[in-house]
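As you go down the protein sequences, you meet chains V, E and W in turn.
All residue numbers for the first sequence refer to the numbering used here, where the first residue is 1 and numbers rise by one.
All residue numbers for the second sequence refer to the numbering used here, where the first residue is 125 and numbers rise by one.
All residue numbers for the third sequence refer to the numbering used here, where the first residue is 248 and numbers rise by one.
There may be inaccurate statements among the hints.
Claimed, not checked - Restricting the straight-line Cα-Cα distance to at most 25 Å, the calculated cross-link-like pairs of lysine-lysine (DSS-like) are:
hint: 1; chain 1: W; residue 1: Lys337; chain 2: V; residue 2: Lys16
hint: 2; chain 1: W; residue 1: Lys318; chain 2: V; residue 2: Lys117
hint: 3; chain 1: E; residue 1: Lys227; chain 2: V; residue 2: Lys117
Stated by the list, open to error - Some chain E residues near chain W, calculated using beta-carbon distances under 8 Å:
hint: 4; residue: Asp225
hint: 5; residue: Ala226
hint: 6; residue: Val229
hint: 7; residue: Ser230
hint: 8; residue: Ala235
hint: 9; residue: Thr246
No lab work stands behind these hints, which were simulated from the structure alone.
The beta-carbon is built from N, C-alpha and C at its ideal position, and this holds for glycine as well.
Each chain, written out:
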Amino acid sequence: MSSFALIVTTSPTDNKTYTALTFAQQLLADGHSIIGIFFYQDGVLNANQYVQAPSDEVNLYQAWSTFQKQSATPLHLCITAGERRGLTDSNEVAFSHNIDDHFTISGLGELVVLTCKADKVIQL
Amino acid sequence: MMSDQVKKYAIVNTSATFNKFNAKEALDAALILASYEMPVALYFIGDGVYQAQKQQNAESIGAKDFIATFKALGFYDIEDIYISADCLSQRQLATEFAFTDAKLVSKEEFAVRLNQADVILTF
Amino acid sequence: MTILHIVRSSAFNDNKLELCLSIVTEHDSIFLIDDGVYNIAHPSLLKLLDRIEVFALTEHTNARALNIDNKKIRTADLSAFVALTDNAEKTITWQ
């Protein structure tokens, strides 16, 4: 069994993100471990707690949150990439904190640590 | 937060300079990896070879001139820079690059060099 | 196996498969997922099937109503995909 680090760069409106989620679920189901998932580029949009989906569609933001709750897999968000795309952890008056609690606010340094430690690195 | 292990990284650029934000975010990742003292090599293939061209003018289309950083990559100990000769000639591009020392390689050599990496990330 | 190439887009639309094929070696394998599964009919891929091992993700071919008649393209489910990424020395994602 191996330890994996995943990098997700696609947005919640892209079905490729669902592929990444199911890949992560399958890794755990098959007995592997995930030391962390790093959300970079448009992948950071998955952390936006205001993402809505009609009730008969998969809401990827909620799906990642549920995955984190069930598996305790660290979901790291690149805050620099996030801020460029309207995500913020600021509590200042003009801002509203919109990053879901199940995501950990990180920087690219975390990408280095995760990919260096893991046996396998998969970019999805 | 330094990790005790060292891995060789390949950052593979397949996007043209201003295609979404791929080039800039690839460069950011490369610089952070290098600052953690990981060996990083940059690869340019497909439209990625457009990034390597000298005398681009990002400001004229409202973009930051991050290509200027290419000249300073030596300071970050990023010295292994490979450009696909096939992709360059296919696009009728000049061999004047924004880097001080980029290596123009055949696709065979590109594959051999890429295979030396432990972790490959594409942008 | 040296590198597992994960191809996520259709070569009828962009050049990612072409880039992959320009550097793939005979020790490598190719795994088609997402819109990459449309490449099962792409001439550039078909002509390499005698040299390179190619897989397509069952869940993704089914979703797109694709039938694989070509015996040289192997089908694999998500669990088999996970196993291949684990067995590979490293992966490269073309998307």
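Does E:Val229 hold up as a contact with chain W if the rule is Cβ-Cβ below 8 Å?
Violated - the Cβ of E:Val229 stays beyond 8 Å from chain W, reaching only about 10 Å at its closest.
- prompt: Would the pair W:Lys337 and V:Lys16 pass a check requiring their Cα atoms to be no farther apart than 25 Å?
  reply: holds (20 Å)
Pair hint E:Lys227 and V:Lys117, alpha-carbon separation not exceeding 25 Å:
This hinted pair is violated, its Cα atoms lying about 30 Å apart.
Answer holds if the nearest beta-carbon of chain W is closer than 8 Å to that of E:Ala226; otherwise answer violated. violated (18 Å)
When the nearest CB of chain W is found for E:Ala235, is that gap smaller than 8 Å? holds (4 Å)
Is the straight-line distance between the alpha-carbon of W:Lys318 and that of V:Lys117 25 Å or less? violated (39 Å)
Holds or violated: is the Cβ of E:Asp225 closer than 8 Å to a Cβ in chain W? With a minimum Cβ separation of about 22 Å from chain W (threshold 8 Å), the hint on E:Asp225 is violated.
For this session: Using 8 Å as the Cβ threshold, decide whether E:Thr246 counts as touching chain W.
Result: holds (6 Å)
Supplied contact hint for E:Ser230, tested at 8 Å Cβ to chain W: violated (10 Å)
Violated hints, listed in ascending order, are 2, 3, 4, 5, 6, 7; each of the other numbered hints is respected by the structure.
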